[in-house]
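Peer 1: Okay, here's what each chain looks like letter by letter:
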Amino acid sequence: MEQIAFFVLALLSIASALVVVTNRNPITSAVALAFNLVSIAGLYMVLDAQFIGLLQVIVYAGAIMVLILFVIMLLNLREEAQAHPVGTFQRVLAPVATVLFAVAIGRGVWLSTPPVFPAASAGYGTASSVGRELFTTFYYPFEAISLLLVVAMVGAVLLAKKKLS
Amino acid sequence: MIDPRLVLLVSAALFAVGVAGVLTRRGAITILMCVELMLNAGNLAFITFARLFDGPEAQIYVFFVMTLAAAEAAAGLAIVIALFRLRGTTDVDEINLLKW
Amino acid sequence: MIDAAISFAKIFVVFNALMLCVSIMTWVERRVSAIIQFRWGPNRVGPFGLLQPIADGIKFIQKEDIIPAEAHKLFYLLAPALSVIPALCAFAVIPFGPEVTILGRKVSLVILDLDGGLLWAFAATALGVYAVVLAGWSSNSKFSLMGGLRSSAQMISYELPLALSIVAVVLISGTLRPSEIVAQQAGLFTHWNFFKGVPFLGFLLFTIAGYAETNRTPFDLPEAEGELVAGYHTEYSGMRFAAFFMAEYINMMTSSALGITLFLGGWQLGIPESWQPAPGWGLWTLQILAFVGKLAFFQFLYVWVRWTVPRLRYDQLMNLGWKGLFPLSLANLAATACLVAWNLNVTR
Chain A
1 MEQIAFFVLA LLSIASALVV VTNRNPITSA VALAFNLVSI AGLYMVLDAQ FIGLLQVIVY
61 AGAIMVLILF VIMLLNLREE AQAHPVGTFQ RVLAPVATVL FAVAIGRGVW LSTPPVFPAA
121 SAGYGTASSV GRELFTTFYY PFEAISLLLV VAMVGAVLLA KKKLS
Chain B
166 MIDPRLVLLV SAALFAVGVA GVLTRRGAIT ILMCVELMLN AGNLAFITFA RLFDGPEAQI
226 YVFFVMTLAA AEAAAGLAIV IALFRLRGTT DVDEINLLKW
Chain C
266 MIDAAISFAK IFVVFNALML CVSIMTWVER RVSAIIQFRW GPNRVGPFGL LQPIADGIKF
326 IQKEDIIPAE AHKLFYLLAP ALSVIPALCA FAVIPFGPEV TILGRKVSLV ILDLDGGLLW
386 AFAATALGVY AVVLAGWSSN SKFSLMGGLR SSAQMISYEL PLALSIVAVV LISGTLRPSE
446 IVAQQAGLFT HWNFFKGVPF LGFLLFTIAG YAETNRTPFD LPEAEGELVA GYHTEYSGMR
506 FAAFFMAEYI NMMTSSALGI TLFLGGWQLG IPESWQPAPG WGLWTLQILA FVGKLAFFQF
566 LYVWVRWTVP RLRYDQLMNL GWKGLFPLSL ANLAATACLV AWNLNVTR
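Residue numbers (our numbering), protein chains in the order written: chain A, 1 to 165; chain B, 166 to 265; chain C, 266 to 613.
Everything labelled a hint here was simulated from the structure, so no lab data went into it. Among the clues, some could well be false.
Unchecked claim - Cut-off 27 Å, straight-line C-alpha distance, at most; resulting in silico cross-link-like pairs (BS3-like, lysine-lysine):
id: 1; chain 1: C; residue 1: Lys407; chain 2: C; residue 2: Lys275
id: 2; chain 1: C; residue 1: Lys338; chain 2: C; residue 2: Lys328
id: 3; chain 1: C; residue 1: Lys328; chain 2: A; residue 2: Lys161
id: 4; chain 1: C; residue 1: Lys588; chain 2: A; residue 2: Lys161
id: 5; chain 1: C; residue 1: Lys588; chain 2: A; residue 2: Lys162
id: 6; chain 1: C; residue 1: Lys275; chain 2: A; residue 2: Lys163
id: 7; chain 1: C; residue 1: Lys328; chain 2: C; residue 2: Lys275
id: 8; chain 1: C; residue 1: Lys338; chain 2: C; residue 2: Lys407
id: 9; chain 1: C; residue 1: Lys338; chain 2: A; residue 2: Lys162
Stated by the list, open to error - Chain A stretches covered by chain B per the calculated footprint, using a threshold of three residues with CB under 8 Å from any CB of chain B:
id: 10; segment: 41 to 55
id: 11; segment: 66 to 72
id: 12; segment: 105 to 111
id: 13; segment: 122 to 133
Keep in mind it's a predicted model, so treat the numbers as computed, not measured. Backbone N, C-alpha and C fix where the C-beta goes; we use that ideal spot for every residue, glycine too.
Given only the sequences and the hints, what does the whole structure look like? Please build it.
Peer 2: Structure below.
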C-alpha cells in the first residue's frame, strides 16, 4: 500500500516539476509548483515525518506559493515573450544534460545508501519529538532564525515600498 | 517497504529539473520558483536520511530550510518588484546594465 | 482490510452528512434571514419551504454552461473543484463522537486520528485560498480579479490570529490530537477550554478569525452584491457557482466544528460524569447529537450575525486583522503561556 502511494506521489511530483520548468505561463508554473509541494509533503508523510509534512503544506504550499501568485498577478506577468527564440541546440541539450546530471547524482546516491529502512522508533516524526529537539539542542539556531525572519520582513517591506515622498 | 534509494533518486531528479529551470528560464519569478524546487529536493533527501538514521535532527534541518526559503522568497520577490518598477520587465536577459 | 472498510464507511457517512447539511443550510439561511428581516422567506415548496434546496439544486443543474471567451480554461474549470476539496478534507480530523463499539469492534468516530490533527485542519484551510485566487484571475474580468485578490489577502491575513488562538489551546491541552483535546474536556461544562487559560478571549478570537476566513459578514466585502458585483465568482453560473456556495458552507461548518472541538468540548455533554447514563448506544447517541446540536447553533449564529452586523470596509477589515486581532492573539498566547507556567486555571 505504501509502495503504491510512494510511486504515485513520486510520479506526480516529477511531472509537476517538469510543468514548472517548461510551461511558458508563470501562473501555470506557480500552480504546478504548489501541486509539487503538496505531493512532496505527501512523500514526507509516507516516510513517517508527519509534522514536517503538514508544516510543508501550511508554510510552503499555503503561504509562500500564495505570495508568489500574488506577485505574479500584481506585476501582471504575461507568457514569457521570446525575443530570441530558443534554438535547437538548447532545446536538445537541456533535457539531455538534465538527465545526465540526475544520473550522475543518482548513481552516487544509489551506491552509498542502504536498501532498506530500519524500523522507526515510537514517536518518530511527531510534533513532540521534533519540538523537544528544537527547543533544547537547536535553541540558538531557532532564535537566530526568528531574528532572520524579522529582518527579511523589514527588508521586503522596504524594498517593495513605493517612493517615500 | 520503500527502497530509500528510490526516494533519493526522486530527489536527484527533482534537483536536476530545478537546475535546468534556473539555467533555461528567463522570467525572474520563474527562476525563483525553480530555486524553490531545488530546495525541496534537498529537503526530501534530508527527510529520507532522517528516517534512515531514525532521529529528529534532519527533520529540524528541514524546518530551518523551509523557514529560510520563506524569508528568501519574500526578500527575493520584493527585489523583483523593485526591479520591475525600475526596468518595466522581469526578463533577466534585459537586466544587463553592467554588461561590457 | 476491515480497517479500510470502516474508514470508507466513516468517509461515506461524513460526506453525505456534510452534503445534507449544506442543503439544509441554504434553507436555514433563507428562512432565518427572512424572519430577521420581518418577511416570510421561501415557504411554498413543501411544508415550510423545506423542499426549496431540492428546487435550487434542479435550477442550478439545468442552467446554461457559460464560460467567458477570454477565460483561462484550465483554471476556470478547476477552481470550483479546488474550493470544495480542501473544505471537505479539513473535516477529516474532527471527532464527531466518542469511541463506539459496533458489532464487538471499537470504532473511533473520527476519520483521521492524526497525531498532528490540528495541523491537518489548518493546512486544509490554508489550501482553500488557491481556489479564490485562481477563480478571480482566470475569469479574466476586473471585478473578479479585484475580488479574488482581496478575498485571498483577507483569508491569509486572518490565518494568523486563527493559528495563534489554536496554539493557545494546544498550550493548555499539551497535544495536537483533536480526540485527546475533546477527552480532556470531559465532565461539567466548566472544564471546557472556553473557560480555561484566559476565559472567552481565545474563543472570541477564533470565531472572529473564522468569520473572516470563510468570507462571511461582517467580512464579506469582496463578495457582497452591490460592492464588487460578486467578487471572485462573478463569472461563474450554474453548477460551478453552486460548487463555490457549497464550499463556503462546508468551510463554515469546518470552522465551527473546529471551534467546538477546541473550545466547547466537542461531543462532550457538559454534565458531570455521575449524571451521564452508562456507556452504550444511549449515551453515544446523546453525545453525537450534542455535537450536531452545537454545530447547528453555530450555523444559526453565522446567519444571525450576517443580518445583524454591518459590513466592514476592506481597509477597516485589514486594519482589524493586522492591528487589532493579531496583537490581541499574541497577547492571549503570552498570557496563556504564563498561566500554564504558573499552573493557574489550566487543570488538565
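Peer 1: All the hints need checking, so say for each whether the structure fits it.
Peer 2: So, going through the hints one by one against the coordinates:
1. C:Lys407 - C:Lys275: 43 Å, violated
2. C:Lys338 - C:Lys328: 19 Å, holds
3. C:Lys328 - A:Lys161: 46 Å, violated
4. C:Lys588 - A:Lys161: 19 Å, holds
5. C:Lys588 - A:Lys162: 22 Å, holds
6. C:Lys275 - A:Lys163: Distance ~57 Å between Lys275 (chain C) and Lys163 (chain A) Cα, so the pair is violated.
7. C:Lys328 - C:Lys275: 33 Å, violated
8. C:Lys338 - C:Lys407: With Cα atoms ~17 Å apart, Lys338 (chain C) and Lys407 (chain C) stay inside 27 Å; holds.
9. C:Lys338 - A:Lys162: Distance of about 34 Å is beyond 27 Å: violated.
10. 41 to 55: holds (count 9)
11. 66 to 72: Coverage by chain B holds here, the residue count being 4 at a Cβ distance below 8 Å.
12. 105 to 111: Check passed, 4 qualifying residues.
13. 122 to 133: Held - the segment 122 to 133 of chain A has 6 residues with a Cβ nearer than 8 Å to chain B, which meets the minimum of three.
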